[in-house]
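Undergrad: Protein chains in written order, with the working numbering: chain A, 1 to 493; chain B, 1 to 95.
Check each hint, because a few of them may be wrong.
Stated by the list, open to error - In silico EDC-like links for lysine to aspartate or glutamate, alpha-carbon gap of 20 Å or less: (1) Lys-243/A to Glu-43/B; (2) Lys-64/A to Asp-96/A; (3) Lys-267/A to Glu-470/A; (4) Lys-92/B to Asp-347/A; (5) Lys-92/B to Glu-470/A; (6) Lys-92/B to Asp-113/A; (7) Lys-56/A to Asp-96/A.
What the hints assert, rightly or not - One-sided excerpt, in silico: chain A residues whose CB lies under 10 Å from chain B: (8) Gly-3; (9) Met-279; (10) Leu-338.
To be verified - Computed spacing ranges between beta-carbons, pair by pair: (11) Pro-91/B to Lys-84/A: 47 to 55 Å; (12) Val-49/B to Glu-35/A: 47 to 55 Å; (13) Lys-481/A to Tyr-88/B: 50 to 58 Å; (14) Val-49/B to Asp-14/A: 22 to 30 Å; (15) Lys-481/A to Ala-6/B: 40 to 48 Å; (16) Ala-9/B to Asp-454/A: 23 to 31 Å; (17) Ala-251/A to Ala-9/B: 25 to 33 Å; (18) Lys-84/A to Val-67/B: 18 to 26 Å; (19) Val-49/B to Asp-454/A: 21 to 29 Å; (20) Ser-245/A to Gly-71/B: 33 to 41 Å; (21) Val-276/A to Val-49/B: 32 to 40 Å; (22) Asp-4/B to Gly-147/A: 23 to 31 Å; (23) Asp-96/A to Pro-50/B: 56 to 64 Å.
FYI, nobody ran anything at the bench for these hints, they're computed from the structure.
Predicted model only: the values in this text are computed from it and were never measured.
Backbone N, C-alpha and C fix where the C-beta goes; we use that ideal spot for every residue, glycine too.
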Amino acid sequence: MTGLTHLTMAAALDGLAKKDFTAVELTEAHVKAVETIRPLNAFITETPEQALAMAKASDARRAKGEAGPMEGLPIAVKDLFCTKGVPTTAASHILDGFKPEYESTVTSNLWRDGAVMLGKVNLDEFAMGSANITSYHGNVVSPWSPGEVGNWSRQLVPGGSSGGSAAAVAARAALGATGTDTGGSIRQPAAFTGIVGIKPTYGRCSRWGVVAFASSLDQAGPMTRTVEDAAIMLRSMCGFDPKDSTSVDMAVPDFRAALTGDIRGLKVGIPKEYRVEGMPAEIAAIWDQGIAWLKEAGAEPVEISLPHTKYALATYYIVAPAEASSNLARYDGLRYGLRVEGASLKDMYENTRGAGFGKEVRRRILIGTYVLSAGYYDAYYNKARQVRTRIKWDFDEAFKQCDVILTPTAPSTAFAIGEKMDDPIQMYLNDVFTVPASLAGLPGMSVPAGVGSDGLPLGLQLLGRPFDEETVLRVGQVIEKAAAVTATPPFMA
Amino acid sequence: MSLDKATVAKIAHLARIKVPDDELDHLAGELSQILTFVEQLGEVNTQDVPPMTSVAAQTLRRRKDEVTDGGYRDAVLSNGPETAEGFYVVPKVVE
Chain A
1 MTGLTHLTMA AALDGLAKKD FTAVELTEAH VKAVETIRPL NAFITETPEQ
51 ALAMAKASDA RRAKGEAGPM EGLPIAVKDL FCTKGVPTTA ASHILDGFKP
101 EYESTVTSNL WRDGAVMLGK VNLDEFAMGS ANITSYHGNV VSPWSPGEVG
151 NWSRQLVPGG SSGGSAAAVA ARAALGATGT DTGGSIRQPA AFTGIVGIKP
201 TYGRCSRWGV VAFASSLDQA GPMTRTVEDA AIMLRSMCGF DPKDSTSVDM
251 AVPDFRAALT GDIRGLKVGI PKEYRVEGMP AEIAAIWDQG IAWLKEAGAE
301 PVEISLPHTK YALATYYIVA PAEASSNLAR YDGLRYGLRV EGASLKDMYE
351 NTRGAGFGKE VRRRILIGTY VLSAGYYDAY YNKARQVRTR IKWDFDEAFK
401 QCDVILTPTA PSTAFAIGEK MDDPIQMYLN DVFTVPASLA GLPGMSVPAG
451 VGSDGLPLGL QLLGRPFDEE TVLRVGQVIE KAAAVTATPP FMA
Chain B
1 MSLDKATVAK IAHLARIKVP DDELDHLAGE LSQILTFVEQ LGEVNTQDVP
51 PMTSVAAQTL RRRKDEVTDG GYRDAVLSNG PETAEGFYVV PKVVE
């Protein structure tokens with residue numbers, strides 16, 4: 001029953017409710033699909049036995065009339081979420097052999113609601129990257145890569161850092177996947193692979209049990225093939241958690257109910273600063289097309305200004321490494337993961353961390369250590385935090401004039417492995433449209449809007465007011481329906 | 001801003017990361033490039049702008065000072081690369 005892996009979550013829930021198929025059948029089809037897409041290197045750890053056991057338990061719950069909101073839906077989990085008894089690597093050598101003794105809050109919420117775990121998916125090491133090329137467990141290949149499977153004529157990146165999540169969902173090996181987003185790590189890979197990805201407002205999803213990168217920015221979110229599926233999965237992932245000091249104690253709305261399609265009278269902000277110099281014509285064109293679709297649906301586009309946009313990347317590349325250097329201090333070779341012996345305790349630390357961290361992670365820890373060091377703290381770190389405040393104020397002002405903001409998600413379609421690799425700054429520019437909302441803690445979503453001249457997916461990004469994911473989802477679905485993208489990856493399970 | 005090899009070696013030491021000598025020059029180049037990029041923030045007027053401490057408009061919650069969980073010694077130690085008798089084992093730190 002391969003057709004089962006091409007269903008949306010909403011359709012799978014209907015099929016399960018009508019007894020067209022069981023959770024075990026749905027899961028078996030996906031377990032097979034996970035094997036089929038192995039050439040993409042999307043999974044670090046496959047958990048087929050656990051998946052089937054969870055599916056069996058799910059069918060039993062459904063038979064008793066206790067079906068949860070995601071009952072029986074097979075999903076993939078980014079290998080940044082701690083999963084009890086299942087290796088959790090953060091795609092780093094330094095976490096070799098680590099098996100958490102606890103379950104992250106977000107994944108606990110998903111299992112509580114009936115979801116089934118297919119395995120742990122690949123990512124950039126510690127979620128640091130925009131192409132999924134920094135993983136200790138190897139690059140992930142996009143299912144959109146042209147040519148013969150395994151012998152591609154151009155090996156495209158799936159984006160990053162949630163590249164395994166994006167590849168697994170786009171290739172129809174999972175109905176959805178968890179992602180995390182620090183500067184665009186859900187939205188950019190979603191755009192590159194033609195799927196939907198939403199980063200909710202900072203504080204919506206608990207960070208407890210998620211391997212930390214930059215704590216003031218990290219947020220979990222769902223990656224799915226439709227906006228409706230994103231609404232279903234987001235609802236299960238969110239919720240107040242006393243174990244995360246920045247978790248927000250607010251009721252979680254029924255996001256699916258917000259998908260009314262009615263956006264009449266809504267003001268859609270178009271930030272003029274996002275028309276960056278050298279923007280490819282097709283990116284500008286899809287953005288204009290998005291504006292036209294929303295106008296046709298009765299919304300009113302308004303030009304807005306976010307004057308500090310051009311400083312967002314520089315701010316991010318101080319704040320995120322600073323927090324990372326502090327968060328990653330915990331990898332000391334003593335308590336978990338890799339240990340490389342040395343003559344003294346200090347040597348053991350240095351040897352372990354020297355061998356355990358990859359080049360991009362090392363680069364960011366060193367930058368972070370530098371900007372936090374005596375004499376530079378004010379000039380770099382404090383300055384960046386002040387600019388971050390101004391970026392947030394820009395959005396506060398903008399949302400006095402509009403209800404939602406529309407921008408492109410990424411400055412290009414997916415590039416090939418090997419491109420943009422010599423210059424770290426070039427790679428960082430991938431996140432130019434996603435980083436500002438991360439710094440301001442706002443909800444942001446990427447929706448498939450079309451394909452470029454190279455036949456690869458293009459995404460549009462919607463940004464909302466804090467805790468107004470509902471408007472973001474509602475407008476996103478209007479774009480999804482207007483765009484009606486039919487292109488699918490050449491390689492699917 | 002340009003970092004020299006000695007500064008990179010010093011930062012690496014502060015970060016407790018062993019960096020082979022032959023990689024210091026290249027790394028100094030990369031880090032200098034990033035620092036030069038972020039220096040554009042100097043253009044922004046931040047006079048009287050408070051540095052952001054929390055993006056969510058909320059103060060940290062308080063809770064009662066009481067034990068609510070715990071007793072996981074063996075679970076906590078189970079991932080340790082080297083443990084003995086309920087402790088982590090580390091290289092000798094006192095002479």
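Undergrad: Given the hinted pair Lys-92/B and Asp-113/A, is their Cα-Cα distance within 20 Å?
TA: violated (49 Å)
Undergrad: Between the beta carbons of Ala-251/A and Ala-9/B, is the distance compatible with 25 to 33 Å?
TA: violated (53 Å)
Undergrad: Hint check: Lys-267/A vs Glu-470/A, CA-CA at most 20 Å. Holds or violated?
TA: holds (15 Å)
Undergrad: Decide if the proposed pair is consistent with the structure: Lys-56/A and Asp-96/A, CA atoms, cutoff 20 Å inclusive.
TA: Given pair Lys-56/A, Asp-96/A is violated - Cα atoms ~31 Å apart, limit 20 Å.
Undergrad: Note whether the CB distance of Asp-96/A and Pro-50/B lies within 56 to 64 Å or breaks it.
TA: violated (42 Å)
Undergrad: Within 20 Å, alpha carbon to alpha carbon, are Lys-92/B and Glu-470/A?
TA: Given that 20 Å is the threshold and the Cα spacing comes to 57 Å, the pair is violated.
Undergrad: Measuring from beta carbon to beta carbon, are Pro-91/B and Lys-84/A in 47 to 55 Å?
TA: Because 31 Å falls outside the window, the suggested range is violated.
Undergrad: In this structure, is the beta-carbon distance linking Val-49/B and Glu-35/A contained in 47 to 55 Å?
TA: Given range 47 to 55 Å: holds, Cβ gap about 54 Å.
Undergrad: Would you check the hint for Lys-243/A and Glu-43/B, treating anything up to 20 Å between C-alpha atoms as holding?
TA: Judged against 20 Å, a Cα distance of about 40 Å means the pair is violated.
Undergrad: May I ask you to test the interface hint for Gly-3/A with respect to chain B, counting a Cβ-Cβ separation under 10 Å as satisfied?
TA: Nearest chain B Cβ about 42 Å off; hint violated.
Undergrad: Given Met-279/A was flagged as interface, is its beta-carbon under 10 Å from a beta-carbon of chain B?
TA: Violated. Min distance 19 Å.
Undergrad: Minimum Cβ distance from Leu-338/A to chain B below 10 Å?
TA: holds (8 Å)
Hint check: violations occur at hints 1, 2, 5, 6, 7, 8, 9, 11, 14, 15, 16, 17, 19, 20, 21, 22, 23; the rest are consistent with the structure.
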